[in-house]
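Chains as they are written, first to last, in the numbering used here: chain A, 1 to 235; chain B, 1001 to 1387.
Rather than coming from a laboratory, the hints here were simulated on the basis of the structure. One or more of the hints may lead you astray.
[Unchecked claim] Straight-line distance between alpha carbons at most 20 angstroms, and here's what the computed PhoX-like set of lysine-lysine pairs gives:
(1) B:Lys1111 to A:Lys117
(2) B:Lys1055 to B:Lys1375
(3) B:Lys1019 to B:Lys1304
(4) B:Lys1201 to B:Lys1140
(5) B:Lys1339 to B:Lys1015
(6) B:Lys1055 to B:Lys1339
(7) A:Lys116 to B:Lys1256
(8) B:Lys1055 to B:Lys1222
(9) B:Lys1111 to B:Lys1165
(10) B:Lys1027 to B:Lys1015
(11) A:Lys218 to A:Lys34
(12) A:Lys34 to A:Lys146
(13) A:Lys34 to A:Lys102
(14) B:Lys1140 to B:Lys1111
(15) B:Lys1160 to B:Lys1339
(16) B:Lys1304 to B:Lys1256
(17) B:Lys1256 to A:Lys102
(18) B:Lys1019 to A:Lys146
(19) B:Lys1375 to B:Lys1027
(20) A:Lys117 to B:Lys1027
(21) B:Lys1111 to B:Lys1055
(22) A:Lys146 to A:Lys117
(23) B:Lys1201 to B:Lys1304
(24) A:Lys117 to B:Lys1201
(25) A:Lys102 to B:Lys1019
(26) A:Lys116 to B:Lys1304
(27) A:Lys22 to A:Lys223
(28) A:Lys102 to B:Lys1015
(29) B:Lys1231 to A:Lys116
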Amino acid sequence: MMSAAAVQAIDLVKWFGKGDIKTYAVNGISFEAKYGEMLYIVGPSGSGKTTLLSMISGILRPNSGRVMVKGQEIWTLPPNDIADFRLNNIGFVFQDYHLFPKLTTVENVAIPLILKKQDWDESLQIAMEFLEVVGLQDRAELPPVKLSGGEQQRVALARAIASGPDILIFDEPTASLDGVTGRRIIGFIKERLLTEHRSILIVTHDSRIFEYGDRIIKMEDGKIVEVTNGGTREE
Amino acid sequence: MRFPLPGLRLNGILKIAFKLLVNDRGKFAALIVGITFAVFLMVQLTSVFAGILSKASATIINIGASVWVMDPAVNNPLNSIQLPDYILDATRSIDGVNYAVPLYSGAALVKLHDGTYQPVSILGLDDSSLVGRPELIQGKIEDIFADNGFIVVKDEEFPKMGNPKIGSTFEINDHRGVVVGIARVATSGLFGMPTLYTTFKRAIQYIPSPRFTMAYILVEPKSAADIPYIKQEVAKSGYLALTNREFQERIANYYKYQTGIGTNILIMTLISFMVGLSICGQTFYTFVLENMEKFGALKAIGAKGYELVYMILFQALFTGFTGYGLGVGLSSLLITVAKRNVPNYAASITFFNLGLAFAMVLVIVAVSSYIAVRKVIKIEPFDIFRG
Ligand SMILES: Nc1ncnc2c1ncn2[C@@H]1O[C@H](COP(=O)(O)OP(=O)(O)OP(=O)(O)O)[C@@H](O)[C@H]1O
Ligand SMILES: [Mg+2]
């Protein structure tokens, strides 16, 4: 039985530094992300958005608080199990994509499958299907550097979804794209990737895409200051 | 692209590692060139040295006697110091000596048919026993007793005697010499001279000698257990008895430690090792630094720390082995070509050389990957994630 929330954060706290320079990047945050929901996390630079995403995806250990993903409390797991949990349940798109320039596009997409120890040829075949989903099957054998920014973003998307994770986490997915491309990507995410078994969390500065969010969590100084429903928000 | 080793199915993570490495053409080339170059130099230098050592001991290897009695100042078979005759009798009377015979070893000039002079090395075998006789490929050993009989060794220096046949003649100190046999030996000498065998008596008759005539006494003990006593007794009379192996080592040590050849080879080998190490260590380190983000991204996606370590080790080992193979191949090629063209080229690749170079490659691989692994396990995917 699925738990009600895809992601549940309870009283998360993360600080950096010691003594005088101790700063609270995230200072007591609780929220839930539901299945079938596209949740935005917005806020000024330095407000702790990336720190928060990292803690709920098992990348950065919180100083206190708990994270439940798909009903599993992740920070009580041993490190290798957290890595496996991420591999099996969470798909990422990093702010800078972090594609491998020395691998082909389709090999890039296949990485999560290969890390899951799937057979090489089989992984490439599945990756190819996901490249088709993002409309880049004809670029499969090129290195990603030969692709445009928007195309690279789609490759990163294909990689994030290739292993079929239920949680997708995107940090600033449209930051380096022009308005039209950014909206097209977000539209694509919402239409094609958001299913009722999936929860998508997007961190963004980009007010041009706010209308696509189901809910928007607004952060300031490591705290949630406002939660609104998407599409209703004024800029 | 498939991994280019038949029969080896790499797991996908190592395949990614392989591609990250090989597709970074520039750095991969630098790494391979660095290791190949270092291995090549190491193998080349140590092989040349091994060749010199084995050729320097040629007489000992070819004569093959178990125990050699000599003047304590001898450190090189060519510069033998003649022994007084009474030592032969003294040696024969030591308990545990089965037999002891003299060996003549010296150099002479022969005048060939075309009138040219050729320095040769002469070995005179004990007339009654012919101990230390070579294996003949033409002729009969008894013919060594025939008038003016000499046996010529067919080695790289053989052509310098004018490619003689049985019956060919030459002059040696106004005496006639006749080739009565052609012999084969295990090792040819270092000094680029043809080798002639004859009897001890003829050697001292044809070649002007000082008062004493024996270069060595060849001793066959009754059993190996008698050797220490024989050595002890010989030492009492102020001379030195060495086993075959000890004599070879003595010569090797002379070249290693007293001629400067050894020290120079050692220094050069160390330098090539250092050059290889620094090229590879640095390049590999840069390679890993440049791929830091990628390793971080892999970790964020769900690769485990040990998987990244495997990747690094695999990359380092693959580079190391490829470079090792190329380096060894290159020096074998060079040595083969050189031997074909330079008759007395003294180089032999021994398992020791190969092992030494391999050990050095392993050190290079270990140091390079240690530096890289230390970096990689410290990667915090959060830092990558933050961009
Ligand atoms: N490793 C770190 N060491 C020290 N301080 C850090 C570290 N990581 C983050 N911080 C601090 O934590 C705060 C939150 O950082 P975070 O990256 O989460 O912000 P953000 O909301 O994602 O900003 P942006 O919109 O610019 O990406 C910032 O003040 C930052 O300086
Ligand atoms: Mg951020």
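Now for the hints, and whether the structure bears them out:
no. : hint                   : result
1   : B:Lys1111 to A:Lys117  : 78 angstroms, violated
2   : B:Lys1055 to B:Lys1375 : 49 angstroms, violated
3   : B:Lys1019 to B:Lys1304 : 19 angstroms, holds
4   : B:Lys1201 to B:Lys1140 : 19 angstroms, holds
5   : B:Lys1339 to B:Lys1015 : 41 angstroms, violated
6   : B:Lys1055 to B:Lys1339 : 14 angstroms, holds
7   : A:Lys116 to B:Lys1256  : 56 angstroms, violated
8   : B:Lys1055 to B:Lys1222 : 29 angstroms, violated
9   : B:Lys1111 to B:Lys1165 : 16 angstroms, holds
10  : B:Lys1027 to B:Lys1015 : 18 angstroms, holds
11  : A:Lys218 to A:Lys34    : 17 angstroms, holds
12  : A:Lys34 to A:Lys146    : 37 angstroms, violated
13  : A:Lys34 to A:Lys102    : 37 angstroms, violated
14  : B:Lys1140 to B:Lys1111 : 25 angstroms, violated
15  : B:Lys1160 to B:Lys1339 : 16 angstroms, holds
16  : B:Lys1304 to B:Lys1256 : 50 angstroms, violated
17  : B:Lys1256 to A:Lys102  : 49 angstroms, violated
18  : B:Lys1019 to A:Lys146  : 18 angstroms, holds
19  : B:Lys1375 to B:Lys1027 : 18 angstroms, holds
20  : A:Lys117 to B:Lys1027  : 28 angstroms, violated
21  : B:Lys1111 to B:Lys1055 : 25 angstroms, violated
22  : A:Lys146 to A:Lys117   : 28 angstroms, violated
23  : B:Lys1201 to B:Lys1304 : 81 angstroms, violated
24  : A:Lys117 to B:Lys1201  : 81 angstroms, violated
25  : A:Lys102 to B:Lys1019  : 7 angstroms, holds
26  : A:Lys116 to B:Lys1304  : 11 angstroms, holds
27  : A:Lys22 to A:Lys223    : 16 angstroms, holds
28  : A:Lys102 to B:Lys1015  : 12 angstroms, holds
29  : B:Lys1231 to A:Lys116  : 71 angstroms, violated
Hint violations for this structure: numbers 1, 2, 5, 7, 8, 12, 13, 14, 16, 17, 20, 21, 22, 23, 24, 29, all remaining hints satisfied.
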